[in-house]
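Heads up: the sequence shown at position 40 corresponds to 42 in our numbering, and the numbers run straight through without jumps.
In case anyone wonders, no lab produced these hints; they're calculated from the structure. Certain hints may be false.
[Unchecked claim] List time: in silico PhoX-like cross-link candidates among lysine-lysine, alpha-carbon distance up to 20 angstroms: (1) K108 <-> K38; (2) K23 <-> K71; (3) K38 <-> K124; (4) K124 <-> K74; (5) K23 <-> K38; (6) K38 <-> K74; (7) K108 <-> K23.
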Amino acid sequence: MDNSPRVLVVDDDTLMRELLKALLRDEGFTVAGEAKDGLSALALVERVRPDLVCLDVNMPGMSGIDVLKAIKARCESCRIVMISGDASMATVREAVGYGAVGFIVKPFKAGRVGASLRAAMKAPADAFG
3 MDNSPRVLVV DDDTLMRELL KALLRDEGFT VAGEAKDGLS ALALVERVRP
53 DLVCLDVNMP GMSGIDVLKA IKARCESCRI VMISGDASMA TVREAVGYGA
103 VGFIVKPFKA GRVGASLRAA MKAPADAFG
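Taking the hints into account, I'd like the entire structure generated from these sequences.
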């Protein structure tokens, strides 16, 4: 379990964070930390240097897209998978354009989350953006 990917979970919804953390552990990932907003997420990225970030698009204050841009500026090797109920092509295209390597649509199935994160770990961190 030591070399399982370390994931930071960022979502303003406590229940969603708990669900994601449980799914990640079931899928063999290590939860490196969690944040309920963009500023907390940025501080944690600096501290824990996760392999992967599961990042909600719609959060109060700093949007997920703004957090994505800030994380990529600080940590090019961080792979970021966006999570949102808004799967519009514009949102997906914007996220990928700024460096996201995956996009998971809410509500999601457990197996789909694990498969998406494993695929994200195989993608070059700087493949986009």
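Going through the hints against the structure:
no., hint, result
1, K108 <-> K38, "17 angstroms, holds"
2, K23 <-> K71, "23 angstroms, violated"
3, K38 <-> K124, "27 angstroms, violated"
4, K124 <-> K74, "17 angstroms, holds"
5, K23 <-> K38, "13 angstroms, holds"
6, K38 <-> K74, "19 angstroms, holds"
7, K108 <-> K23, "15 angstroms, holds"
When held up to the earlier numbered hints, the structure conflicts with 2 and 3 and fits the remainder.
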